[in-house]
Amino acid sequence: MEKIGLYLGCNIPFKAPDIEQSFRKVFPALGVELTDLPGAGCCPAWGTAPSFDLNTWCAVSGRNITIAEELGVDVMTGCNSCFGILSEAKHFMEKPDRKKAVNAILGQVGREFKGTSDIYHASNILHEVIGVEKIKESLKYQLEGLKIAVQPGCHILWPSDVMKVKEKNSFYPTHLRDLCEALGAEAPEYSRLEACCGMGGMRSTDVEKSLGLFTEKLRSIKEELDPDMIVTTCSSCFLQFDMSQQILKERGVIDYEIPVFYYTQLLALAMGFDPKEVAAISQTRRDGVIAEIQSEKRKINEEEPHGV
Amino acid sequence: MAKVGVYVCHCGSNIAGVIDVEAVRAFAETLPGVAVARKDLFMCSDSGQEMIKQDIRDGLVDRVVVAACTPRTHEPIFRAALAAGGLNKYLFEMANIRDQDSWVHAHDPVGATEKAKKVVASAIGKASHLKPLEDKFVDVTDAALVVGGGVGGIFAALELANMGHKTYLVEREPSIGGVMAQLDKTFPTNDCSACILTPVMVDAGNHPNIELLTYSEVDDVEGYIGNFTVKVRQKQTYIDWKKCTGCGACAEKCPAKTPDAFNSGLSNRHAAYIHFPQAVPKKAVIDMGACINCAGRTIGSEPRISKKTGEPIYAPCEKACPAGAIDRSLALDPNGTIRELKVGSIVVATGFKVMEKENFKEFAPDCENVITALQLERLISATGPTGGKLLVPGTVNKPHTMTFVSCVGSRDERFHTHCSRVCCMYMIKQARLLKEKYPDLSINMHFMDVRAAGKGYDEYYTGARAMGINIFRGKVGGVEKLPGGALRVMAYDMEAGTPIEYETDLMILATAIEMADGAKELAQKMGLQFCGNNFYRELHPKLGPVETSVRGLYLAGCCQGPKDIPDTVSQAKGAAAAAAVPLSQGKVKIEPILSEVHPEKCSGCGICVPLCPYDAISLKPYADRPRAVIDMTQCKGCGVCTSACPSAAIVLHGYEEEQIYAQIAALTA
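In order, the protein sequence lines correspond to chains S and E. FYI, the numbering for the first sequence is 1 to 308, going by the working numbering. FYI, the numbering for the second sequence is 1 to 669, going by the working numbering.
Treat the hints as calculated values from the structure; they're not laboratory data. A hint or two may mislead.
[What the hints assert, rightly or not] Keeping only pairs whose Cα atoms sit at most 16 Å apart, straight-line, the calculated EDC-like set for lysine to aspartate or glutamate is:
{"#": "1", "chain 1": "E", "residue 1": "481", "chain 2": "S", "residue 2": "223"}
{"#": "2", "chain 1": "E", "residue 1": "481", "chain 2": "S", "residue 2": "189"}
{"#": "3", "chain 1": "E", "residue 1": "361", "chain 2": "S", "residue 2": "167"}
{"#": "4", "chain 1": "S", "residue 1": "147", "chain 2": "S", "residue 2": "189"}
{"#": "5", "chain 1": "E", "residue 1": "481", "chain 2": "S", "residue 2": "224"}
Please build the complete structure, drawing on both the sequences and the hints.
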């Protein structure tokens, strides 16, 4: 069984622990063993050290990566910010001068960054290591006839130079669409697919601008696709889509709401896991679509060989 | 004992701003053999040169060292001064204290001054041992070669031919014409490109002194100025051009199709094809890469016999040709034929290509409604795939809104840092032509800056604004495909300071000009150098814009750097004039910095023969045994044979052993 270090970050355990639960269900079931990284800290988030001091950023990121190095595993994150931060930090530390400066800091806590562990996003592992075929074989419910608007998020797309797994063209990403289509659903292209959802630094500094970007994106989704749900592989995007639809609704900007899932939540539901464990917390209502996903008519015939 | 005169140059502040010139002069004065040591603000000025001449005339000096800029540009100037003063011009040595000292050590004046002293001492050491040498002359083949049959190559060939020199014009496509033949109209006068180019192509085709070698490529170049031997490969046409009348019947009947490069891939052509309607020469070729060998008629096979009629079954192209120029039974060599040409000078005018849209991921390269500016040129040309109607390729509708994006791949560190120079103007041209033809069409143009430097160019641009064409300053960040085929442009308007978004039907990318395919290979064959932007390097950016570091080789057009048609034609005429100089002189001078074998010392071992990179050395009988002989016309004076000779029988004039030892002694003193 493949073994990988699970780097949870902050948003998932604090704001969406059901996403964490979905990881812990689906990855082992698909043959990837998750190893916890004891003592892992903040990645550190974009608005902190990365905004003012490169060596400090690399030292904090480097410390997290050394935990995986000691265990001899690669790192998997579920949050795009963590993924971007750790990937970029590792890229910076490939330069000997930077590595030396960072290790001088890490030496004070008895650590040394070696560069032996790679950084992956959960989406990378699902798409490249597990693969869509294995996902298809693991399903208990198929999602045929459901339409999904995908939201890969920015930090899994750019800067692609620093990433182990790259999209063919980051401006027109396909990995998350492939993963959704593996469930039997439809996941068409739409015009603002790769656009920012407005989360991140903008959400904390200028809510109105953030909501402006979000509204534009949501409109493209509604007008071009009118989907049954929005599916993302970024915990920050998940939070924005989940909470900001409510704000727009209260303000009367929109008169609809679209259920939002983190991809592994949807996968876990399609694999038959209990929604109370894997998809329990959201502001936007998901009961209806969850019931639809796990409905009798969608059950895949047990007699059919699975070969999991 | 030699009497060396040392002249140290300030070069304004170029040298004196870093190096203590007086200290260098005073130091030189103390060295053995130095008769006088002087300095001047500019040694290359009239007064500076006169100083040298006077010292020679006064009998003060018989060897000259100038410590100054670089021999690359100034050695010929000072050699001429020596000759004018009455001294053999090879009794001169230059100490490079600018390019290799003051310019590179500007931060360390003390160290630079010490280095200058050493460099000057070394030059004095060598100068003391210099010997007089005489220039040599060889006869010239009175013929020229022009490589590339675009507008630059055509004009270079015509100029040379009009001066009375036999000129070969080599072009790799089946017809001459180049990129200009693909253009619709030309800025800033809106002349029809074909209307002004076609007569010139015909002139070149009919000129008694020009021999067109189209569908041909340069295979190999040997020799030197005045006497080049060039191997040209004519690719296999599979059609007998002596019989072909250019009627096009074979193309009409040919069922095989492939993207038409002349229409920038916007349409298909047949495997048997004529390059374009106004082709010169108007001859058909069969593109074997696309040919499907109808009726099993692979080249060199016997035709099958029909069971019904008993007649042989021929391919449609063979049957269609009224001139009998196609016979697929002939075992034609797919490698074509090689022709050997003897020429005295060569003009290289190999042109450029534009980047393909596939390089630009942010601009939806897979979308048919995003095209390059060259593709638009074909789309609005009367000989193009739509007969000149502007139709959006993806929808085949007339566009309501269209968008131009400048600097795509140019001025962009990811691709090319250079400005492609012509894009601003041709985009404005395209926009103006379209606005005139379709007044309701909304045209948005996005520029980093509008570069309209040229006669009548800025007026052309301001005219475009007055016509109601929308000009935005700022970059386009990306484009998104919308349902129904439209595109959403996402850009920045620098003047308003805001991001802008709008929907468009057709997007035109002004992609960068870059070196033509095969340019690297040709450079290797000819010894051409590249500059930082991957265009051929001219001898001097200001004073030698058509010459190259290889004597007898000249440049014209976009292979030397992006330029428009007027600049290309000007440079082509300049290159032709320069290329004609050795041809009209009838002989060329060869510098005597060459290797020579002392036959009495040569053992005839032959070690030097395979070492010579220029095949200049052969073994010839001398007295009782074979000994090495160096062909002066082939020798480049590299010194490989001199250093390898175990008998020390080969001397490299101008770099003799005692001269080099004297330099080393001075440097290590």
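Hints, verified against the model:
1. E:481 - S:223: OK: residue 481 of chain E and residue 223 of chain S at ~14 Å, within 16 Å.
2. E:481 - S:189: Roughly 9 Å between the alpha carbons, so the hint for residue 481 of chain E and residue 189 of chain S holds.
3. E:361 - S:167: With a Cα-Cα distance of about 11 Å, the restraint between residue 361 of chain E and residue 167 of chain S holds, given a limit of 16 Å.
4. S:147 - S:189: holds, 11 Å
5. E:481 - S:224: Since the Cα atoms of residue 481 of chain E and residue 224 of chain S sit roughly 11 Å apart, the hinted pair holds (cutoff 16 Å).
Going through the hint list in order, the structure satisfies each hint without exception.
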